[in-house]
Amino acid sequence: MAEQRPQQAEVAGMAGVIERLAGELALAEEPACFIVALEGEEDAAPDA
Amino acid sequence: MPEESLTAIAAAIRARALSPIEAVERSLERIRKHEGRIRAFIALEEEGALRRAHALEGEAAKGQWRGPLHGVPVGLKDLCHIEGLPTSCGTRIPEYFTSPQECTAARRLLDAGAISLGKLNMTELAMGAFGDNAHHGDADNPWQPGHATGGSSSGSGAGVAAGFFAGAVGSDTGGSIRLPAACCGVVGLKPTYGRVSRAGAMVLSWSMDHLGPLAWTARDVALTLNVMAGRDPADATASRRPVPDYLEGIDRGIRGFRVGLPENYFFERLDPEVATGVRAAARQLEQLGAEVKELRIPDAQHMTDVAMLIARSESSALHSAILREQPEVLQPTVRARLEVGFAISAHDYLQALRLRSRLTRTFIRDVFDEIDVLLTPVTPEPPPALAPLKAGTAEAFNARSGRFSSLTRPFNGYGLPALSVPCGFTAAGLPLAFQAVGRPFDEARLLRLAHAYQEAAGWHHQRPRL
Chain A
1 MAEQRPQQAE
11 VAGMAGVIER
21 LAGELALAEE
31 PACFIVALEG
41 EEDAAPDA
Chain B
49 MPEESLTAIA
59 AAIRARALSP
69 IEAVERSLER
79 IRKHEGRIRA
89 FIALEEEGAL
99 RRAHALEGEA
109 AKGQWRGPLH
119 GVPVGLKDLC
129 HIEGLPTSCG
139 TRIPEYFTSP
149 QECTAARRLL
159 DAGAISLGKL
169 NMTELAMGAF
179 GDNAHHGDAD
189 NPWQPGHATG
199 GSSSGSGAGV
209 AAGFFAGAVG
219 SDTGGSIRLP
229 AACCGVVGLK
239 PTYGRVSRAG
249 AMVLSWSMDH
259 LGPLAWTARD
269 VALTLNVMAG
279 RDPADATASR
289 RPVPDYLEGI
299 DRGIRGFRVG
309 LPENYFFERL
319 DPEVATGVRA
329 AARQLEQLGA
339 EVKELRIPDA
349 QHMTDVAMLI
359 ARSESSALHS
369 AILREQPEVL
379 QPTVRARLEV
389 GFAISAHDYL
399 QALRLRSRLT
409 RTFIRDVFDE
419 IDVLLTPVTP
429 EPPPALAPLK
439 AGTAEAFNAR
449 SGRFSSLTRP
459 FNGYGLPALS
469 VPCGFTAAGL
479 PLAFQAVGRP
489 FDEARLLRLA
499 HAYQEAAGWH
509 HQRPRL
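Chains as they are written, first to last, in our numbering: chain A, 1 to 48; chain B, 49 to 514.
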């Protein structure tokens, strides 16, 4: 078997992790939820 | 200058004990003497800085003050677009990046009275954790010649540490503010995603990029963040939240702060001197009244992979023109990184973005229900010697670089505020640092913790002998 180029190996490694974790994602999960996760903390962050 | 913090310089100018002209001339004198080794600049703007210093001195004489940074010398990473100045982004193309508008964060500093001494060295296209640059020269660590400054904001970290300027703007996609801050023994803040506008700065990864300040002390960083932060119509991702006064309450101490040391990920395969330094800092925080405990956190390796995949995809898309049309002008290490992105599928990229949301929510809930501040190392090892690293292959270099940023990159993914704070030196005299991570938009708490620590530990009183 031909040796994979390092870049391909790196991508394969990352993609494997993504694929495994993504199996547990809810259908409602979308990229914009990230901002909600940050901004939604407004009331939870007490004053320092 | 090297003995004075940004806060002290600003105060001296305000008290008319120091003129902006004197401040700039002192900086320039130091730069002339040491820039040959440090290589903090890509473009030094000596004449422009002096011209502006004279103008600001005239205003000060009339009692006119632009803002809290009136007359304070600063440096801008060479990916911040400022009208009339070329922006190379560390490439060998002087005007690689152009923008219809100026870098908001940098412009805010200048509007507050800061004087830019020029555009600062950085790794090419802000890619790389060590601070090497084949076109403009490798920035050199002020504490130890031949050692990495950290990257990509290499000139920002090295220039502050060398006393060339009191503060600097950096950018951080995987650790590029915190790594140079840690390697150069200064304080560097990656704010919450959206806290500081990225408009007018070269984009490496729109999902992961953050702009933020580097300076000697937490108080300096607080003062600078006060100026830089806030909403910006030119950046849709800039938060509309009001900006608190980060200096208010910074002296109140940290009694009752709940500080957590992660049991997993961050202390694995760590250099013993780094681990000892961070744990000693935790003990010091405990003595200052914090409640310190160890806790298990969600596996940060997942977010490291997610953040890396997103950053690689976006950077390849953004910089595809130079990669396709002029690959020969790029350093081999940078070219190799960009090429990775071409092999990532749209499917994997989108799944990574979806995962990022879930991982972030989980991390915030699981970690910050129990503690207020997470304390980790910034780097897995002290700043390494650069020459042996560069002697290897591009792939080996990038692998080591990936490992070097493995403790900072997760927080670009989570978007959480993360502050690098110096916490001593190795036996060989290289800087050590801890990373304080907080809830979204809780920068004030991190700065308060860092300030209390610095006042007690006093590491910031030590300066490199150039």
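Since the hints were derived computationally from the structure, they do not count as laboratory data. None of the values given here were measured: they were computed from a predicted structure. Hints may be right or wrong, so weigh each one.
[To be verified] For each label pair, taking beta carbons as the anchor points, the in silico distance ranges come out as: (1) A:P31 / B:A476: 42 to 48 Å; (2) A:R20 / B:K81: 50 to 56 Å; (3) B:A433 / A:G16: 30 to 36 Å; (4) A:E39 / B:R344: 26 to 32 Å.
[Said to hold, decoys possible] A short list of chain B residues far from chain A (calculated; beta carbon distances all over 12 Å): (5) A60; (6) P193; (7) H350.
Cβ coordinates follow ideal geometry from the N, Cα and C atoms, glycine included.
Against the structure, the hints:
1. A:P31 / B:A476: 42 to 48 Å: At roughly 44 Å between Cβ atoms, A476 (chain B) and P31 (chain A) fall inside 42 to 48 Å, so the hint holds.
2. A:R20 / B:K81: 50 to 56 Å: holds, 55 Å
3. B:A433 / A:G16: 30 to 36 Å: holds, 34 Å
4. A:E39 / B:R344: 26 to 32 Å: holds, 27 Å
5. A60: Check passes; 28 Å lies beyond 12 Å.
6. P193: About 31 Å separates P193 (chain B) from the closest Cβ of chain A, which puts it past 12 Å; holds.
7. H350: At roughly 6 Å from the nearest Cβ of chain A, H350 (chain B) sits no farther out than 12 Å, so the non-interface label is violated.
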